[in-house]
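A.B. asks: The chain contents come next:
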Amino acid sequence: MDRSLRSRLEARLGDYLRAPVYQRNDETEIRIDPGAVPEVLRLLHDSVDLRFEILADLAGVDTGEVMQVVYHLWSPMSFDWLRIVADGLSRDDPRAPSATFLWIGAEWLEREAYDMFGIIFEGNRDLRRIFMPPDYTSFPLRKDFLLPDDAARSPGGGVRHVERTHAPATLADDPKAGIRRAPVS
Amino acid sequence: MPAPQHPPRPQTARPAASAASPASAASPASKGARRTRRPAERQPSLDDPRIMLDRQISSDLYEPIPPYPTRTEREAEFYTLGDGEMFLNVGPHHPATHGVLRLVLKLSGEQIVDVDPVLGYLHRGVEKICENSDYYHVIDQVDPLEYLSSLFQEWPAVLSFEKLMDVEVPRRAEYIRVLSGELLRISSHILYMGFLALDLGGLTPILYGFIERDEIVEMLAALTGARMLFNYFRIGGVNGDLNHEFMSRLGDWMSRAGRQTEANAGLLNENEIFVRRMRGVGTLDRATALSYGVTGGNLRASGVPFDVRRAHPYSIYPELEFNIPTRDEGDSLARYLIRVDEIRESLKIIDQCLHNMPDGPVMAKLPRLLRPRPGRAWGAVEGPRGMLGVYAISDGSDQPFRFRIHDPSFVNLETVTTLLPGHLLADTMAVVASLDPVMGGIDK
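Here the protein sequences line up with chains H and G, keeping their order.
For the first sequence, this note's numbering assigns the number 1 to the initial residue and increments by one for each residue that follows.
For the second sequence, this note's numbering assigns the number 186 to the initial residue and increments by one for each residue that follows.
Since the hints were derived computationally from the structure, they do not count as laboratory data.
Careful, some of the hints might be misleading.
[Unchecked claim] FRET-style restraints, in silico, Cβ to Cβ:
| no. | chain 1 | residue 1 | chain 2 | residue 2 | range |
| --- | --- | --- | --- | --- | --- |
| 1 | H | PRO38 | G | ILE396 | 48 to 58 angstroms |
| 2 | G | ASP399 | H | PRO38 | 33 to 43 angstroms |
| 3 | G | ARG558 | H | ARG91 | 24 to 34 angstroms |
| 4 | H | PRO20 | G | GLU270 | 53 to 63 angstroms |
| 5 | H | ALA19 | G | ARG444 | 55 to 65 angstroms |
| 6 | H | PRO134 | G | ASP319 | 27 to 37 angstroms |
| 7 | G | ASP399 | H | ALA19 | 33 to 43 angstroms |
[What the hints assert, rightly or not] Partial selection, computed: residues in chain G whose CB lies under 10 angstroms from chain H:
| no. | residue |
| --- | --- |
| 8 | GLY267 |
| 9 | GLY310 |
| 10 | TYR321 |
| 11 | ASP325 |
| 12 | TYR477 |
| 13 | GLY478 |
| 14 | PHE586 |
Using N, Cα and C, we set each Cβ at its ideal position, and we do this for glycine too.
Could you build all of it, start to finish, from the sequences and the hints given here?
C.D. replies: Here is the structure:
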């Protein structure tokens, strides 16, 4: 845990932080509004005491209630990975600003997040599906996209009836009955 | 702004390749009969094998223009031909694209104007499968992604799970992980050298490369029980301890590995044709490489000394002595030479592992059913192609709530959109092979 990174982040990004800086193991996590992504990434990238210049990953997350865009950054100034969670995208119309103005490589990562979650990155010049065929209409990594052959969650399936931790998927009456939801954190 | 809905297709493109259109049916005589059999509004897929039977093969079957409205401005711009330009499909079935990669090249004469890589031919939805299997099963699901070095795909997965569960890995297990990982890195790099030469027309290095790779794979088979998809790392350790066959094979091989590596490298380093086809081709400068998020040898060939083993140490790498080779040229030759240097460094690491190998258990004590507390973890390791990462979210159940796999080849391959334009068609192979993509990881 890099305590000094925490104070540097609080000093630089005070107004943008939507939750206290969270640190565990070798990771530092901040939570911001999706609208603040360009300003925050620009500050993290350009500040002389932060210098987060390598975009390690960009991922979409569906928590079952909201969508998130999660960035992982690396900097030579800190021995922690930095995780930026742009939280609270609506599941019906998830929109977030693109990071391609800073990292061109985010273009394909955002295409992947669009393909899998339907998150629309405003400012990405080439936001089309990257893995699934062009006539595909679903977003497979969303939590309400249930696998048809998911034996572990089918009502009669699985070998650990007693220990099963989440409800079996029942699409018949309530399509959202079997959706797993992320814990509140 | 990218429109999620399909914009109307520009009229400059050819009419849609509608195989169902009656005008393109085989002959006027059979036209009527076919029409009654099949309704006119049916739109058969271009993949339909019957397409070859019920219509004349026209040249537009081979055009790469998508048979659907273009979706973004960039796609519309790419699929509009300028004066004297043509499209050329390279792949998905092409011996030099390292798997099912399809590159749509826009050519002007023999010069590449633009390139549109098309992915997804190998997409299996591994992330979704992992989110629906329990923590132990994730490891064998991720194995076939990086199929040339599959231990490196297991490693970030177990690393992130160990962070989620605060598991302490025994030191002997860490040493075995590093030992087997570095062996596999050498095997992957040797194969890279061979395939790179093969794509440029040299047949010999791949044969020598496979001698070394076969020996490494055989000794890993003695250790793990499999030749390619090892399924060896476990959460909290490794599956089995070192055994006699592995150690004796490793000792035999180590006695000649250094010499053999120099011989293999000399075959290419001193080959004038090879060097002249690689030098100055596909130059990736430092700023562009950082902007693309390139990692691994491709980034170090552009002068950035970023190696996760040193930049963000994991396992026992802080205790080991090795160098991070970097080069400033950033061209295909530099990317190749970095790999040769890394083989030498890996041999040093293996030597240290063998000398310092501690005694003790190779697995931590863990329950049969893993249910980590709710939380999030990111684990990243340095593979042969760059940084492999896994972002795992736990919701307290026995399956990961979110399992995100970051593959280095995916980002490395993205750079062909800037590296290829301006080069000749024949340089496509040199550039793509020097980036070392593995389609299993790219397509997930």
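A.B. asks: Should the hint that ARG558/G and ARG91/H are 24 to 34 angstroms apart at their CB atoms be regarded as holding?
C.D. replies: holds, 26 angstroms
A.B. asks: Assuming the hint says 53 to 63 angstroms, is it satisfied by the Cβ distance from PRO20/H to GLU270/G or not?
C.D. replies: holds, 55 angstroms
A.B. asks: Regarding the hint that GLY478/G lies at the interface with chain H, is the smallest CB-CB distance below 10 angstroms?
C.D. replies: GLY478/G check passes; min Cβ-Cβ to chain H is 4 angstroms, inside 10 angstroms.
A.B. asks: Confirm or reject the claim that ASP399/G and ALA19/H have a C-beta distance inside 33 to 43 angstroms.
C.D. replies: violated, 53 angstroms
A.B. asks: Min Cβ distance, GLY267/G to chain H: is it shorter than 10 angstroms?
C.D. replies: violated, 19 angstroms
A.B. asks: Using the beta carbons of PRO134/H and ASP319/G, state whether their distance is inside 27 to 37 angstroms or not.
C.D. replies: holds, 34 angstroms
A.B. asks: Against chain H, run the beta carbon of TYR477/G and see if the smallest gap drops under 10 angstroms.
C.D. replies: For TYR477/G, the interface hint holds, since the closest Cβ of chain H sits about 4 angstroms away, which is under 10 angstroms.
A.B. asks: Would the stated hint for TYR321/G survive a check requiring a Cβ distance to chain H of less than 10 angstroms?
C.D. replies: violated, 13 angstroms
A.B. asks: With 10 angstroms as the cut and Cβ atoms as the points, is PHE586/G at the interface with chain H?
C.D. replies: holds, 6 angstroms
A.B. asks: Does the Cβ-Cβ separation between PRO38/H and ILE396/G fall within 48 to 58 angstroms?
C.D. replies: Given range 48 to 58 angstroms: holds, Cβ gap about 52 angstroms.
A.B. asks: For the hint 55 to 65 angstroms, verify it against the beta carbon of ALA19/H and that of ARG444/G.
C.D. replies: holds, 57 angstroms
A.B. asks: Restraint: GLY310/G near chain H, CB-CB cut 10 angstroms. Satisfied or not?
C.D. replies: holds, 6 angstroms
In this structure, the hints that do not hold are numbers 2, 7, 8, 10 and 11, in rising order.
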